[in-house]
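There are 2 protein chains.
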Amino acid sequence: MVKLNSNLESLSENYLFVEVARRKQEYAKKNPFAKIISMGIGDVTLPLSKVVVDEMKRAAETLSFKATFKGYPPYEGYEFLREAISEKYKSLGVKIGTGEIYVSDGSKSDASNILDIFNRHSEVLIIDPVYPVYRDSSIINGNKVRYLRATEENNFLPMPYEGLLGDLIYLCSPNNPTGAVYSKEQLKKWVDFANQNRRIIIFDAAYEAFIEDKNLPHSIYEIEGAKSCAMEVCSFSKSAGFTGVRCAYTVIPKELEVNGHSVGKAWLRRQSVKFNGVSYVTQKAACASLTSEGKKGVLECISYYKTNARILSEAIGKLGLWHIGGENSPYIWFKCPKGMTSWEMFDFLLREANIVCTPGSGFGESGEGFIRLSSFAAHEEALYAAQRLKELKI
Amino acid sequence: MVKLNSNLESLSENYLFVEVARRKQEYAKKNPFAKIISMGIGDVTLPLSKVVVDEMKRAAETLSFKATFKGYPPYEGYEFLREAISEKYKSLGVKIGTGEIYVSDGSKSDASNILDIFNRHSEVLIIDPVYPVYRDSSIINGNKVRYLRATEENNFLPMPYEGLLGDLIYLCSPNNPTGAVYSKEQLKKWVDFANQNRRIIIFDAAYEAFIEDKNLPHSIYEIEGAKSCAMEVCSFSKSAGFTGVRCAYTVIPKELEVNGHSVGKAWLRRQSVKFNGVSYVTQKAACASLTSEGKKGVLECISYYKTNARILSEAIGKLGLWHIGGENSPYIWFKCPKGMTSWEMFDFLLREANIVCTPGSGFGESGEGFIRLSSFAAHEEALYAAQRLKELKI
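One line per chain: the protein sequences are R and B, in this order. Residue 119 in the numbering used here sits at position 119 of the first sequence, with consecutive numbering throughout. Residue 312 in the numbering used here sits at position 312 of the second sequence, with consecutive numbering throughout.
No lab work stands behind these hints: they were computed from the structure. It should be emphasised that the depicted structure is a prediction, and the values quoted were computed from it without experimental measurement. Quick reminder that beta carbons are idealized off the backbone N, C-alpha and C, glycines included. Just so you know, not all the hints are guaranteed correct.
[Claimed, not checked] With a straight-line cut-off of 20 angstroms between C-alpha atoms, the simulated PhoX-like cross-links for lysine-lysine are:
hint, chain 1, residue 1, chain 2, residue 2
1, B, K35, R, K66
2, R, K144, B, K3
3, B, K3, R, K254
4, B, K295, R, K66
5, B, K306, R, K66
6, B, K3, R, K265
7, B, K254, R, K66
8, R, K3, B, K144
9, R, K50, B, K70
10, R, K295, B, K66
11, R, K3, B, K254
12, B, K296, R, K66
13, B, K265, R, K3
14, R, K50, B, K66
15, B, K50, R, K296
16, B, K214, B, K306
17, B, K35, R, K306
18, B, K254, R, K70
[Stated by the list, open to error] Far from chain B, some chain R residues (derived; all Cβ distances over 10 angstroms):
hint, residue
19, S91
20, G97
21, D116
22, K184
23, L290
24, T291
25, L321
26, A386
Start from the sequences, fold in the hints, and give me the full structure.
Below you can see the structure in the form of structure tokens.
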């Protein structure tokens with residue numbers, strides 16, 4: 001008799017953003033004239049740059065001719081895109097070969113599917129609070145999940161210590177949801193810890209484009225020793241605005257081995273069985289975002305969102321609430337006033353300011369009592385939200 | 001200490017098509033002047049139709065304006081595409097609601113990822129020979145795999161019998177690699193068996209567009225009772241030529257439950273954790289292929305490939321070799337002469353006729369001694385291959 005995977009029942013009833021959307025819709029229905037501003041989901045709002053769209057159209061056009069038609073893409077992505085990504089690493093002073101890069105449809109897919117190649121008894125260490133995908137995909141897969149608490153005291157950047165358990169370590173920096181960014185010195189400690197204890201770090205660099213502080217690392221490979229203990233997941237979603245276009249990549253250095261077996265080879269094997277590559281049109285578009293023209297477009301968007309982040313940060317600061325993020329990240333993370341829970345504050349902000357935020361508790365227990373604001377909105381909205389925040393009576 | 005998933009080692013060393021490509025490259029290197037014709041991989045070769053490409057370009061264009069920009073797509077696909085798919089089912093006399101349709105980036109992804117929602121102790125029944133993805137993804141996932149032999153005697157369409165084990169049953173019709181198609185009467189027996197024994201059928205209809213015999217079912221839902229025991233995976237790859245564009249869908253009827261739990265709900269939960277939807281541009285393109293103009297384009301391509309299939313079928317017939325398929329399918333499946341193994345015949349065809357085929361043994365033990373020819377080629381190539389086949393001395 002067929003049975004469902006009972007791990008699915010261990011997941012919280014609704015995926016965070018589904019619940020946020022539900023409450024927002026419910027409120028909108030009851031208050032049809034309320035002008036609700038969404039500072040919740042981490043979705044981009046600015047259009048794609050012209051160079052990217054032109055390239056998409058050009059690539060689509062080539063599929064209409066027999067001579068230039070493209071069928072199944074390579075499992076690991078087209079060489080042209082992997083070369084452009086390799087060049088991007090070179091600009092960070094990091095040498096990553098095209099054979100170490102695996103293109104995919106999203107860093108969410110990669111960060112969760114990567115568990116397929118590890119022993120199911122591997123324990124997964126995640127920072128709490130964090131992007132729920134690491135936790136939920138580990139639960140579905142049946143891995144034991146261990147939590148390392150990020151708190152106000154450690155500035156939401158917890159560090160490893162002797163005896164810390166967890167075979168696979170998810171690190172996300174700049175962090176989603178807190179916006180906290182590990183320094184090179186801090187990451188070096190993680191790398192040393194992983195190498196000494198034979199752990200593997202899955203480094204999520206999805207928000208690296210938001211880093212402006214020149215001393216902060218964009219990639220874990222800026223840290224010596226990382227190639228033998230870390231893979232890195234990155235995406236075009238938050239840099240080139242590809243949340244709706246779907247393109248990402250994972251770097252697995254040749255040096256990364258488990259008991260003499262290549263991790264990259266295991267991943268390619270997994271991908272060849274369960275994945276059929278990314279659209280040619282999408283890969284061409286991603287590549288366009290890495291040209292000098294494309295990079296200009298990326299920078300403009302990032303700077304637009306960061307202006308929002310500054311506006312929101314300032315408003316939260318004026319309210320006298322403890323907060324971090326917003327500088328090298330699109331997210332502002334602040335503490336709820338008067339001991340309110342995250343969902344209480346969510347409802348309060350929705351009711352009193354018509355602002356949709358993301359409750360920190362949705363990212364883990366240690367997120368309770370905190371709120372994430374996202375800067376992926378229009379300037380007008382950010383200004384409007386800031387105004388409402390400043391007028392709040394708390 | 002981290003360990004890899006040891007199931008990966010249970011996979012055969014190279015994924016079938018990787019090995020085919022390797023041998024082809026090796027031969028081409030040694031024989032630089034040989035004109036090699038590829039009748040191997042099941043990849044389409046005709047360009048996308050104009051209506052599809054125009055729609056892709058239009059959709060890309062809308063992403064360049066703030067007012068029409070689209071971010072994260074819905075996990076289950078846009079309503080417009082699910083409506084078009086629902087209409088397609090209506091034309092088969094089948095009622096499938098948009099809430100029962102889940103869009104994805106490929107039927108390979110769906111057919112393998114679906115295992116995530118079932119208990120890992122579920123046994124998987126697969127027809128042997130068959131598309132290797134069912135077997136390989138089951139092995140990676142740790143499911144016990146049982147085989148039901150398809151042979152010359154049962155025309156490569158094996159039927160269920162009392163005592164047949166296997167909780168999840170993969171059926172592929174028209175079959176890859178054999179081209180064999182289950183009749184309605186045969187599928188009814190499978191459906192009854194599944195309902196009586198509480199099994200779930202994962203029906204892969206990726207090649208349904210090739211069916212021209214009006215009595216053969218395009219969808220398992222043409223069979224009474226199928227909604228309570230079957231999900232169906234289908235794709236735009238082989239109909240609209242989307243192997244390089246990446247779009248597919250899975251139907252999970254509301255009636256499909258396991259111990260009172262909705263299978264569709266479990267799948268959506270899995271997708272919301274591990275997947276972020278399909279590109280808006282791709283979904284618009286898929287939708288265009290389902291318009292009356294789009295369907296015309298699909299029919300033209302299918303008919304082109306089927307002319308090839310007839311040409312190849314005839315050539316194989318003239319050689320006096322036992323064969324099936326090629327009528328309601330793009331594939332011809334024939335028996336190797338003189339007791340040759342599949343790889344022996346592969347090498348023989350490559351050497352003597354410069355034709356790349358797919359060895360039947362790559363699809364399972366019972367495929368040993370057989371060869372798959374694919375009709376996804378240019379007419380000139382099919383004619384050329386047919387000529388060479390006819391001249392073969394076997």
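> Which of the numbered hints above does this structure break?
Replying inline: Result: hints 7, 15, 17, 18 and 21 break, sorted rising.
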